[in-house]
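With chain A held as given, fit chains B, C and D with the ligands onto it using these hints.
Listed here are the chains, written in short residue letters.
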Amino acid sequence: MTRLLHAAETAVAQSLAGFVAAHEDLVAFGVEGKFVRRRRLTPGKVALISGGGAGHEPLHCGFIGTGMLDAACTGHVFTSPTPDQILAAMDETDTGAGCLLVVKNYDGDVMNFEMAAEMAADRHRIETVIVEDDAAYGPSVRSRGRRGVAGTMVVEKLLGAAAERGTDLAELKALGEGLSGRLRSMGVALRGVTLPDTARETFALGPDEMEIGVGIHGEPGLYRTGRAGPEEIVRLLCEPVLAQLSPLADARPLLIVNGFGGTPPIELHLAHNLTRAFLRGQGIVPARALVGTFVTSLDMAGLSVTLALLTPEEFALWCAPVTTPTLVW
Amino acid sequence: MTRLLHAAETAVAQSLAGFVAAHEDLVAFGVEGKFVRRRRLTPGKVALISGGGAGHEPLHCGFIGTGMLDAACTGHVFTSPTPDQILAAMDETDTGAGCLLVVKNYDGDVMNFEMAAEMAADRHRIETVIVEDDAAYGPSVRSRGRRGVAGTMVVEKLLGAAAERGTDLAELKALGEGLSGRLRSMGVALRGVTLPDTARETFALGPDEMEIGVGIHGEPGLYRTGRAGPEEIVRLLCEPVLAQLSPLADARPLLIVNGFGGTPPIELHLAHNLTRAFLRGQGIVPARALVGTFVTSLDMAGLSVTLALLTPEEFALWCAPVTTPTLVW
Amino acid sequence: MTLDAADLTALIGLCREQIEQHCERLGRLDSAIGDGDHGANMRRGLEAVYRERDAISALPLPVALERIGLVLVMSIGGAAGPLYGTLLMELGRGLATGEEEADFAAILAQAVAAVARRGRSGPGDKTLLDVLYPVQAEIAGHAAPLRIAECARNAAQATEMMLARRGRASYLGERSIGHEDPGASSCALLATTICQYFQEHAPS
Amino acid sequence: MTLDAADLTALIGLCREQIEQHCERLGRLDSAIGDGDHGANMRRGLEAVYRERDAISALPLPVALERIGLVLVMSIGGAAGPLYGTLLMELGRGLATGEEEADFAAILAQAVAAVARRGRSGPGDKTLLDVLYPVQAEIAGHAAPLRIAECARNAAQATEMMLARRGRASYLGERSIGHEDPGASSCALLATTICQYFQEHAPS
Ligand SMILES: Nc1ncnc2c1ncn2[C@@H]1O[C@H](COP(=O)(O)OP(=O)(O)O)[C@@H](O)[C@H]1O
Ligand SMILES: Nc1ncnc2c1ncn2[C@@H]1O[C@H](COP(=O)(O)OP(=O)(O)O)[C@@H](O)[C@H]1O
Ligand SMILES: [Mg+2]
Ligand SMILES: [Mg+2]
Ligand SMILES: [Mg+2]
Ligand SMILES: [Mg+2]
Chain A
1 MTRLLHAAET AVAQSLAGFV AAHEDLVAFG VEGKFVRRRR LTPGKVALIS GGGAGHEPLH
61 CGFIGTGMLD AACTGHVFTS PTPDQILAAM DETDTGAGCL LVVKNYDGDV MNFEMAAEMA
121 ADRHRIETVI VEDDAAYGPS VRSRGRRGVA GTMVVEKLLG AAAERGTDLA ELKALGEGLS
181 GRLRSMGVAL RGVTLPDTAR ETFALGPDEM EIGVGIHGEP GLYRTGRAGP EEIVRLLCEP
241 VLAQLSPLAD ARPLLIVNGF GGTPPIELHL AHNLTRAFLR GQGIVPARAL VGTFVTSLDM
301 AGLSVTLALL TPEEFALWCA PVTTPTLVW
Chain B
1 MTRLLHAAET AVAQSLAGFV AAHEDLVAFG VEGKFVRRRR LTPGKVALIS GGGAGHEPLH
61 CGFIGTGMLD AACTGHVFTS PTPDQILAAM DETDTGAGCL LVVKNYDGDV MNFEMAAEMA
121 ADRHRIETVI VEDDAAYGPS VRSRGRRGVA GTMVVEKLLG AAAERGTDLA ELKALGEGLS
181 GRLRSMGVAL RGVTLPDTAR ETFALGPDEM EIGVGIHGEP GLYRTGRAGP EEIVRLLCEP
241 VLAQLSPLAD ARPLLIVNGF GGTPPIELHL AHNLTRAFLR GQGIVPARAL VGTFVTSLDM
301 AGLSVTLALL TPEEFALWCA PVTTPTLVW
Chain C
1 MTLDAADLTA LIGLCREQIE QHCERLGRLD SAIGDGDHGA NMRRGLEAVY RERDAISALP
61 LPVALERIGL VLVMSIGGAA GPLYGTLLME LGRGLATGEE EADFAAILAQ AVAAVARRGR
121 SGPGDKTLLD VLYPVQAEIA GHAAPLRIAE CARNAAQATE MMLARRGRAS YLGERSIGHE
181 DPGASSCALL ATTICQYFQE HAPS
Chain D
1 MTLDAADLTA LIGLCREQIE QHCERLGRLD SAIGDGDHGA NMRRGLEAVY RERDAISALP
61 LPVALERIGL VLVMSIGGAA GPLYGTLLME LGRGLATGEE EADFAAILAQ AVAAVARRGR
121 SGPGDKTLLD VLYPVQAEIA GHAAPLRIAE CARNAAQATE MMLARRGRAS YLGERSIGHE
181 DPGASSCALL ATTICQYFQE HAPS
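Protein chains in written order, with UniProt numbering: chain A, 1 to 329; chain B, 1 to 329; chain C, 1 to 204; chain D, 1 to 204.
Nothing false has been slipped in among the hints.
Which residues of chain A face chain B? A partial, calculated answer using Cβ under 8 Å: (1) GLY18; (2) ALA22; (3) GLU57; (4) GLY261; (5) GLY262; (6) HIS269; (7) ASN273; (8) ARG276; (9) VAL291; (10) LEU298.
The set of hints was computed from the structure by calculation and includes no laboratory data.
Note that the Cβ used here is the ideal one computed from N, Cα and C, for glycine as well.
Same shape as in the complex, but just chain A (with noise of 0.2 Å):
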């Protein structure tokens, strides 16, 4: 265990509140704890509320200010949040426009969002937005979509400018399902993830091997291979993105390098360098890039590439001014 982490159902509270109040100009906790809110409403805007399992920090309380989240629930260490919890959020932020929630595809979420939405169907007005863009989604006999990865902050940055320049319910959902065919992601992992409760790694890699495809919660990914050289990493990486992203015109590609928790910057830089050569093979030139760590799993090592081919409407709403504990422009 390389890890502070020791007891996670204690710990994640205080990981919170730690992460409060080193932005309480810009957040606050909400009633009783059970989510972080932005410390001023704005009157008449839709709140836009997402959530999902601790672990996945800063996602998705790092993006909670203008331009970006109302408010976020966080369950316990890759566990979807309560009903409860997102009910208090939807009560305490919803300041007559109604509420857009943003979850992200796992079966959890889905579930325990949907539960709070019909809870909360007599008193607020509620839409849905499913983030499903993680390209490791293989012959598989799946019965229903894909993961939400590190896409998410996408999702969550234009739906938040939208939502600031008072656009309403209805559009905003249609603008985050319009997205979804032209935003992917792929990730790999060098090393798996150590949960804190039990110690127990989720899958161990041996010093040689890399495993393709993962999710964010140390589950196993779609296949395991030789350690291959940062080249080769970054073309399994983006080939799958590619091929599966809905080809548009005039489009203003958006890059995102994401570490996963235990892959330094300098790593995530020379990942950044390789995928835009990479990219730039196949005539594409991002018109915007963002390289950091944004949408972790733990400490697992490795890092995700996410695509998204945004209509000039969407690019403006990715370059609106945002201010969050982690974005700031």
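Leaving out everything else, chains B, C and D with the ligands in the frame of chain A:
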């Protein structure tokens, strides 16, 4: 190896290229790629130049921009840059008010910056501020000074803000040196560093060990001890820091919880919360806190705590606007 | 089959004890094809119910079951929370609306169907439904408690060779084969615990 | 003692070869009490000199040595760069300003003193100076090349029991004892290489 960085010699240049590409609105390569600089210089402002070995990202390049550095020189992994890089940076960014060199106190860094300063003495006015904030400084017989670690970013921020206001070279040097007794950091490693060239770990920790008082080069620390719980770890870091800080009436305490590269945000915020609790017990409430991955030791797992007792004027410099790849406010 | 307050208190205690004992094993099963938290999740849920056991047991059975479901939903999180919660809440609601002599098997069938709707899943998807369906069938066939327990354990084991189509394991494709589903395993464990209690305290 | 272009080219090649061969070992020594890069640093420096060997060897010896020093400074970085660079640059400058028959030992002594000033260090600090001082003394005493080489190796070994007072190892305090200093080791290696060349090609 949990590492993309195979061949360190070329990887550093690749990583820098990725960094510059991600932030091309703010930074650009200097001549022959010898250093990274602000895209737009402010004529008549003292040029603030820093640098050091690679492997500490986002330090220093991530702090280039308005309100902080003008240029940063990056050496090979854990190896100070060479004088030609520093000379080139001075030649390109000195707009007439002279150059202030911010140097972490390692013999290699000190000597290389010193040789560059000697070689350029005929064509630039040059002053140097040596950063020595490491509290891991036992009853050693070392002939001169502490290491410069995470506190370096405090020096760079304050001097950067002051330079932006037109403070002259001599005053900047005095400001930097005045800080040194009131700035201390202390780090713990939970897992060592694997050097990219050799795949050799600089020190190997057993699963139940930790190394207290580490620097940022994977070198062994002050002492090794059994793995303690997070509260205890925080105590072991804070106590020497507090013991060594020169007291200051009317101080504005600034707290930085810094990850070493392999420790994810959830753990840094947990440590932040515990650090605040410990400091509260000592009657100290931070006026500001910054939590994140700022000064790394490649992918070392662990973190450091920095405390700076700032005067009101210094605190105003900390709060002054800054626009860099890493810090924006 | 009737349950008084003492029975319910005892059953809550037994279920909590069994989950506690098998927490580590359930986590290990979930690590193999999921994210490793199923044991911790179930323990958190049963602890929450256990803390409220006296208030719950004092309620009429249908209300008590619905309450247990709600406590599970609000404490477990993840996939298991809504699924076990829906099962118990629907069971409670079914017993409340049914006539005095309503067929328990029919009410259970409706609750299992609600779980399937909640999970958008069905038989053979390698989930806890693959235990719930056969258990419901045995109850409908008036099987003895120990027979039902055996069936539940076999059903859980049978998920080992299934290819997951729902839940986290479904992202693994072929690699999900060869591991017992953690949700099926916890479901069989709870079913067995309840059946054994009924066996030992033969219905009055 | 004179050196023609062929000698210098040969010596550059030999030094580069030896550093290449011991690169891994120097890195391991530096890992124990420093940051592990000394082997890679020295290799980078010697490679840079080697690339320029023809141009360098064509220069008069003092200028050639100064040029080698500058190439080392501009390519090694770290602590070793300025130290080895200063040594060679000062040596070259000393030879240039001295009369034809200037005492090499005296010029070397001044170069070693410049290294000590650059490093703000002195004898017993557990650095490459602990090799340079005795080597200079042996040269001043007109020792035979093989004797100088042996002295250099012994001096490097003797750093093992020293407590570091400069360089990264100094942060370790007592824990620096028991490991040979990497800079002392590379210095002995280079001294030995040069001495052996002189031994084999006895000065004309
Ligand atoms: N869509 C679904 N329908 C039915 N059961 C499901 C579904 N998704 C997951 N499950 C069940 O839930 C179990 C996992 O629960 P748990 O580990 O607590 O939640 P999570 O998967 O969110 O970490 C699986 O083993 C499976 O039996
Ligand atoms: N201040 C100093 N004075 C003399 N020699 C020094 C000094 N600092 C370091 N050294 C020498 O340099 C060696 C380390 O060189 P190297 O590993 O290349 O640089 P760095 O320590 O910057 O990584 C040490 O083993 C020691 O011999
Ligand atoms: Mg989970
Ligand atoms: Mg070094
Ligand atoms: Mg799970
Ligand atoms: Mg070194």
